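J.: Protein sequences appear in the order of chains L and G. If you use our numbering, the first sequence corresponds to residues 10 to 165, in order. If you use our numbering, the second sequence corresponds to residues 10 to 165, in order.
If you're looking for bench data, these hints aren't it; they were derived computationally from the structure. Check before you lean on any hint, since a few could be wrong.
One copy or two, it doesn't matter: identical chains are merged, so the pair holds either way.
Said to hold, decoys possible - 27 angstroms max Cα-Cα, derived DSS-like pairs, lysine-lysine: (1) Lys158 with Lys97; (2) Lys79 with Lys158; (3) Lys131 with Lys48; (4) Lys79 with Lys97.
Computed from a prediction, not measured in an experiment: that's the story for all the values here.
Here is what each chain is made of, one letter per residue.
Number of protein chains: 2
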Amino acid sequence: MVTFIVTPLDMSKPTPNPLLQLENQLCFPLYAASRLFTKAYQPLLQELELTYPQYLVLLLLWEHGELTVKELGERLLLDSGTLTPLLKRLEQRALVSRRRDPRDERSVVIGLLPAGQALQEKALCIPAALQTRLQLSPEEFEALRAQLKQLVAQLS
Amino acid sequence: MVTFIVTPLDMSKPTPNPLLQLENQLCFPLYAASRLFTKAYQPLLQELELTYPQYLVLLLLWEHGELTVKELGERLLLDSGTLTPLLKRLEQRALVSRRRDPRDERSVVIGLLPAGQALQEKALCIPAALQTRLQLSPEEFEALRAQLKQLVAQLS
DNA sequence: GTGAATCAAATTGCCCGCAATTAAATTTGA
DNA sequence: TCAAATTTAATTGCGGGCAATTTGATTCAC
Chain L
10 MVTFIVTPLD MSKPTPNPLL QLENQLCFPL YAASRLFTKA YQPLLQELEL TYPQYLVLLL
70 LWEHGELTVK ELGERLLLDS GTLTPLLKRL EQRALVSRRR DPRDERSVVI GLLPAGQALQ
130 EKALCIPAAL QTRLQLSPEE FEALRAQLKQ LVAQLS
Chain G
10 MVTFIVTPLD MSKPTPNPLL QLENQLCFPL YAASRLFTKA YQPLLQELEL TYPQYLVLLL
70 LWEHGELTVK ELGERLLLDS GTLTPLLKRL EQRALVSRRR DPRDERSVVI GLLPAGQALQ
130 EKALCIPAAL QTRLQLSPEE FEALRAQLKQ LVAQLS
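Input sequences plus hints: build the corresponding full structure.
T.: This is the structure we're talking about:
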């Protein structure tokens, strides 16, 4: 004698397809890690009164000096729809300058003003603070960085 | 007679500190990869008329059936400030239902409506399409996923 | 040299993401 | 029991991101 136990179809739990499970995908950990990272920066950046993308712009300007909006966009993978208002906010706080390139009036050159330059000193401690927070060995850190770089290359 | 040629201090290239270089950090590749990933989903999700975070919400509902706003927030690491308007948009399109839990009127239970349930079928091909796009070996994929999960755990 | 094509930035409009606050329900503990 | 603390969503306000369009400058092709 065999008894079949028939579980009724529960429409509130419809076909949990493993392909579509959050934890089996790359997308969600990436999305979550990126936002958590930004949040980890937040208290440090708050002291400089910078948002995370504003900080990225300043990193590039500290490293390269003047850059056009286009060059900033290429390096950060952001377009002028994002950068223009962001840069105007930095300009209003006298951290950066914005001027048309006289040799090509289409381009806008972004430069550092003294206050923006001065912020670099305050920012020096930030990478180390984050490193501590992450608790990754140098090998793990490097492996992850390399993999992400490869991913970025693959997708861009 | 000696002529000194004094190179003026070039304030446009100020002290490129390696610690502060974009490419030496984890934060930027993570930020860029996350946005590029979302962009890679975009054409696929456009056919479902979903944004990426809306898709994540539906993934959870397809997997778990009904969830409260709080539970969605815990799993996606998003707060009601993000979720409430997003869920209202899905409700307006009759993809999900929103109702107070009668046993605890503070909670709002989100459920799938038929149109939302039906979308799952159209979404089934999405993970495979991305997998193809990424061109990662199963080992690389798994390694990266594990490292990101660890990072998320470390930061949350 | 001139009209067409291209390019760079700005603008518009929409949707996140999140800090901070508010409102309402529930739990708690004296 | 009942006031205080806690919990859950909603709301507000602001700064990204990004697609799509517009404006103006430059380059290209003929």
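J.: Which hint numbers does the structure go against, in order from smallest to largest?
T.: Violated: hint 1 alone.
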